[in-house]
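Visitor: Residue strings, one per chain:
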Amino acid sequence: MEEIALRDRMPRPVKPMDDGGGAADDGPRRPKVDRPGGDDILKRMRKVDPNQARRYRQRTGQ
Amino acid sequence: MQRRPLINSRDEPHADPAHWRRLHLIFGDANMSEWATTLKVGALALVLDLLEADKAPVFELADPVGALKHISRDRDRQWPLALAGGTFTSALEVQAAYLDAARALAQGRDAETDWVLAEWQRALDALGGDAQELLGLCDWVTKKWLLDAFAESEGLDWEKPDDRAWLQSQDLEYHNIDPQEGLYLMLEQQGQVTRLLKEEEVLRAMVVPPPDTRAYFRGVALEKFSAEVVSLNWDSIEFKVDGRVEVVDLKTCVDIETAAYYNGALDAAQSVGELLKKLAAWKAQTPPKGEV
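As they're listed, the protein sequences go chains W and V.
The opening residue of the first sequence carries number 493 in the numbering used here; numbering runs sequentially from there.
The opening residue of the second sequence carries number 178 in the numbering used here; numbering runs sequentially from there.
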């Protein structure tokens with residue numbers, strides 16, 4: 493999708509999925525991944541407060 | 178979230194209350210995936226089309242709210258649904274019936290509709306077979322994959338309360354919209370989930386409303402005639418013209434034709450006075466909706 497035409501009824505993308513290629517009728521590709529990539533995300537997950545969900549429940553009365 | 182309702186029935190239609198009501202669907206607000214959001218909104222639009230055409234499949238569930246909880250927690254992925262008559266179906270069968278009806282009603286209407294129908298079928302096929310096919314597309318599949326990998330990495334056991342609490346905290350962090358902290362957004366930055374839009378398109382959509390909407394009128398009116406705008410809300414805009422306040426009623430600006438006229442008039446108008454004349458002319462020739 494390059495531009496949103498201001499006066500068009502349907503400004504949405506005709507082929508909305510910029511999926512990195514593939515056959516036109518295949519739809520968006522899912523990424524080819526086996527494991528969450530890199531150490532960054534696992535490092536970030538280790539820093540997540542283990543009690544965050546418990547506090548959330550207390551705060552929201554759930 | 179366990180006590181969140183499906184619909185917030187706000188007594189605030191932002192339109193003529195004699196003809197319109199607003200049912201604010203809030204179930205599903207937590208989606209992060211662009212694909213999931215697009216499919217959710219697109220499929221719902223088709224369901225609304227089916228309702229308006231009186232062609233929606235009829236399923237009377239014994240306990241609709243309870244069914245949602247059961248579906249979201251069914252680790253067997255059979256997703257059975259009890260019907261009011263005492264028989265059973267499954268969530269996938271209900272979805273398939275709606276998809277078939279939507280296809281019969283709307284297939285070939287436009288490329289966007291066909292995309293929604295195709296992806297809806299793809300989702301149901303995967304959920305009935307290998308849900309991992311939706312990794313990077315469907316939020317719960319992606320989140321479970323991420324949490325399973327973390328549990329394996331840290332030696333966590335879903336059955337131990339403390340371990341489960343930490344994994345539940347990760348669940349919340351998946352939806353954190355801070356790009357430095359949110360787990361989904363980190364996956365996105367690493368190219369491990371599928372994006373449908375370019376970042377610049379998202380940034381533009383934050384400030385440029387769709388052109389066939391009342392939001393466009395509000396935004397452009399404020400941008401173009403900010404000096405004359407006295408107040409602005411969804412129902413009306415007040416302009417100060419020649420020392421008096423003129424009100425543009427936006428309650429009727431809720432259909433494509435009216436919005437197109439209003440927005441076209443706004444684009445063309447060189448002054449608020451000119452805009453008011455054009456809108457008055459439209460109002461004079463157009464009976465209010467529901468009063469034809």
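Be a bit skeptical, because a hint or two may be false.
[As the list claims (entries may be wrong)] If you want a taste of the chain W side facing chain V, the calculated C-beta under 7 angstroms gives, among others:
{"hint": "1", "residue": "G519"}
{"hint": "2", "residue": "P520"}
{"hint": "3", "residue": "I533"}
{"hint": "4", "residue": "V540"}
Hint data in this document are derived by calculation from the structure and do not stem from the laboratory.
Where is the CB? At the ideal position from N, CA and C, for every residue including glycine.
Visitor: Which hint numbers does the structure go against, in order from smallest to largest?
Guide: none
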